[in-house]
Amino acid sequence: MTSEEFNVELYWSAIEIANGLLTGSVIGGYYAMISIGLAMTFGVMRLVNLAHGDFIIVGAYISVVLLNFLPISPFFTLIIVVPIMFCIGYFLQRVLLNHVSVQAMERKGLSSNYGLMAPILVTFGLGIFISHLLLGIFDSDARQLTNSLAFSAIRLSDDLNISLLRFIFFGIGIVILIVLHLYLNKTHAGRAIRAASDDADISPLMGINTAHVYGIALGISMAIAGAAGVMIGMIRTFQPFDGPQFLLIAFGAVIIGGLGSVVGSLVGGILLGITQVLAGTYFGPSAQLVGGYMLILFVLAFKPTGLFSR
Amino acid sequence: MSISESKQGFFAEPGRDGKRPLLTISGLSAYYSELRALYDLEFQVMPGEVLAIIGANGAGKSTMLKSMVGMMNRGKTAHITGTIDMRGRRLERLTTEKIVDAGVTMVPEGRRLFPRLTVEENLLTGAYLARCREKMNDNLEGIYDMFPRLAERRKQVVNLMSGGEQQMVAIGRALMSEPKVVLFDELSLGLAPAVVDGIYEKVKQINAAGVTCIVIEQDMKRALRVSNHVLVLLEGAVVLEGNPNNLDQDQVTAAYFGSDNERTGI
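Residue numbers (this note's numbering), protein chains in the order written: chain C, 149 to 458; chain Y, 318 to 583.
Hints listed in this document are in silico derivations from the structure and should not be mistaken for laboratory results. Backbone N, C-alpha and C define an ideal beta-carbon position, used for all residues, glycine too. Hints are not guaranteed to be accurate.
Calculated pairs, DSSO-like style, for lysine-lysine (alpha carbon to alpha carbon, straight line, at most 30 Å) [as the list claims (entries may be wrong)]:
1. Y:K472 x Y:K538
2. C:K334 x Y:K415
3. Y:K472 x C:K451
4. Y:K472 x Y:K497
5. Y:K538 x Y:K519
6. Y:K452 x Y:K415
7. Y:K452 x C:K334
8. Y:K521 x Y:K538
9. Y:K472 x C:K334
10. Y:K538 x Y:K497
11. Y:K452 x Y:K472
12. Y:K393 x Y:K415
13. Y:K538 x Y:K415
14. Y:K472 x Y:K336
15. Y:K393 x C:K334
16. Y:K497 x Y:K452
17. Y:K538 x Y:K452
18. Y:K497 x Y:K519
19. C:K256 x Y:K393
20. Y:K415 x C:K256
21. Y:K497 x Y:K336
22. Y:K521 x Y:K472
23. Y:K521 x Y:K452
24. C:K334 x Y:K519
Stretches of chain C that chain Y covers, calculated by requiring three or more beta carbons in the stretch to come under 8 Å of a beta carbon on chain Y [unchecked claim]:
25. 252-258
26. 332-343
27. 355-363
Using the sequences and the hints, build the whole thing.
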């Protein structure tokens, strides 16, 4: 091998790694969007929402409906999708999940263990219901939220590009994360959500209406999920039964990042994204998912509470 | 029929000491499912006093305080009957949030802080109600003046603190809701005697600022020392009530253990 051949080889290896890190990071931002909502309900409220992925898809379909009679960019449908999803989340918590919580079970004179299990079963059933409802309304055709930016890329050098949309979503993901972090830590409502999650029996002594505060928390989680759904729809096609695959991504990011940490879900998402892209680059496309799961198993084995847990 | 006889207490006439009561409790009973824990309690809480509740384990002291802040309205598992009147406002049907908004709050047994929140965040949750937010920062400074230790540790997560410090946070958190009445449930639980002295100093200070205090205290002598008025509970009923200066130790002890001849002699 001449030194020139060696240099070319080195250049391409470097490009490969740089590309993996960049694309992985940007995908990670989008994974974070998928998982922030779950991190919040799972980490803060201790609610395992197995319908999280399905609600992401609901957000995408609401956008589809809006685009049917509004000739606007999918970006602007967020203005309507986000409040609708917030309301869905709020009412879901108040009319359904608050009635199967630990406190509700105690009120009914049942063991609080039912309250830990029941929301898991309820959201599991809800996920199945939602995907079939979507199938009934929209058929199984793959949909996409067509937009002018889908094929644009940011060109960093001759051989390094990143998708413009993914980059934008990365930015939006970080903004949402910062806003959510400030909300949870610096506002009365945010502290109330955390207080109610820490001790729901005592938080009413602070004047906190636990049912309302939990409703707001799931509302926020759903609003972010809806926004993630619109973004997913702009990047790729989706179908009614795609929810669970996003749920898996979200769980992955949350496990890696740490159960109690919303910020951890961004880092978890980025690590998951980078691992998947690099695994795909070096071991072929089929290794992408396996690589991601290996990372999750690795974290579970060596730091089961996640990298950012307190 | 000792219990029904004693349900009225010794000072049932309205307006003890010629003052208008802040809280008037009548016919208060509490139930855990089928089990009855309180029997027709009748008593008054005067504005600005320290009312001590004493009684053996299981006498219903904690249940009584929980009833007063709406924590016994829990559907099938727990409920109350009777009335709790706060100057014309009926508290017994209100939710805990509304009762706290009306000005009655509790420092719960075992402190029950929010473990994942910092000292300052715990205190600020106490100011969640809209009416408490305006003077929130002043009140926070007031609490830091009262407990300088908390000011030093305001950024610390509470579950790393000592029991005494946690009790300070719990008291401060309750004060942040600008209460008229604070119920203190077993302040001394699990604390060293020297620490307890310090905590009761603060209760005195809080009371001097015009806050009515109701304390549950295991230590009978301490309860008699800190209070203006004492209620002795036995098996869910008031068996003795009075000004601690007018009650002698034997009388209280007898009521506490239920060995009073007048009660058992029938």
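Here is how each hint holds up against the structure:
1. Restraint check for K472 of chain Y and K538 of chain Y: not satisfied, since their Cα atoms lie roughly 37 Å apart, outside the 30 Å limit.
2. Using a Cα cut-off of 30 Å, the hinted pair K334 of chain C and K415 of chain Y holds, with the two alpha carbons roughly 24 Å apart.
3. A C-alpha spacing of about 26 Å is found between K472 of chain Y and K451 of chain C, which places the hinted pair at or below 30 Å, so the restraint holds.
4. The hinted pair formed by K472 of chain Y and K497 of chain Y meets the criterion: a straight-line CA distance of about 28 Å does not exceed 30 Å.
5. In summary, the hint linking K538 of chain Y to K519 of chain Y is supported, as the alpha carbons are separated by about 18 Å, within the 30 Å threshold.
6. Between the alpha carbons of K452 of chain Y and K415 of chain Y the distance comes to roughly 20 Å, so the proposed pair stays at or under 30 Å and holds.
7. For the suggested pair K452 of chain Y and K334 of chain C, the alpha carbons sit about 17 Å apart, so the restraint of at most 30 Å is met.
8. Taking the CA atoms of K521 of chain Y and K538 of chain Y, the gap is near 16 Å; set against the 30 Å cutoff, the hint holds.
9. At roughly 13 Å between alpha-carbon atoms, K472 of chain Y and K334 of chain C fall within 30 Å of each other, so this suggested pair holds.
10. For the proposed pair K538 of chain Y and K497 of chain Y, the alpha carbon gap of about 26 Å is at most 30 Å, so the pair holds.
11. At most 30 Å may separate the alpha-carbon atoms for a hinted pair to count; K452 of chain Y and K472 of chain Y meet this at roughly 21 Å.
12. A C-alpha spacing of about 21 Å is found between K393 of chain Y and K415 of chain Y, which places the hinted pair at or below 30 Å, so the restraint holds.
13. Taking the CA atoms of K538 of chain Y and K415 of chain Y, the gap is near 35 Å; set against the 30 Å cutoff, the hint is violated.
14. With a C-alpha separation of about 44 Å, the suggested pair K472 of chain Y and K336 of chain Y falls outside the 30 Å cut-off, and the hint is violated.
15. Our distance criterion of 30 Å between C-alpha atoms is broken by K393 of chain Y and K334 of chain C, whose separation comes to about 37 Å.
16. The hinted pair formed by K497 of chain Y and K452 of chain Y meets the criterion: a straight-line CA distance of about 16 Å does not exceed 30 Å.
17. For the hint linking K538 of chain Y to K452 of chain Y, the alpha-carbon distance of about 37 Å lies beyond 30 Å, and the restraint is violated.
18. Restraint check: the Cα-Cα separation between K497 of chain Y and K519 of chain Y comes to about 16 Å, which is no more than 30 Å; the hinted pair holds.
19. With a CA separation close to 6 Å, the supplied pair K256 of chain C and K393 of chain Y stays within the 30 Å bound.
20. A threshold of 30 Å between alpha carbons decides the hint, and for K415 of chain Y with K256 of chain C the separation of about 22 Å falls inside it, so the pair holds.
21. Under the criterion of a C-alpha separation no larger than 30 Å, the hint pairing K497 of chain Y with K336 of chain Y is consistent with the structure, at around 16 Å.
22. The straight-line distance between the Cα atoms of K521 of chain Y and K472 of chain Y is roughly 27 Å, inside the 30 Å bound, and the hint therefore holds.
23. Proposed proximity of K521 of chain Y and K452 of chain Y is supported: the alpha carbons are some 23 Å apart, at most 30 Å.
24. Between K334 of chain C and K519 of chain Y, the direct Cα distance comes to roughly 29 Å. Compliance with the 30 Å bound is thereby established for this hinted pair.
25. Coverage of a stretch by a chain is defined here by at least three residues with a beta carbon nearer than 8 Å to that chain's beta carbons; for the region 252-258 of chain C and chain Y the count is 4, and the condition holds.
26. Using a Cβ-Cβ cut-off of 8 Å, 6 residues of the region 332-343 of chain C lie near chain Y, which meets the minimum of three, so the contact claim holds.
27. Look at the region 355-363 of chain C against chain Y: 3 of its residues bring a Cβ nearer than 8 Å to a Cβ of that chain, three or more, so the hint holds.
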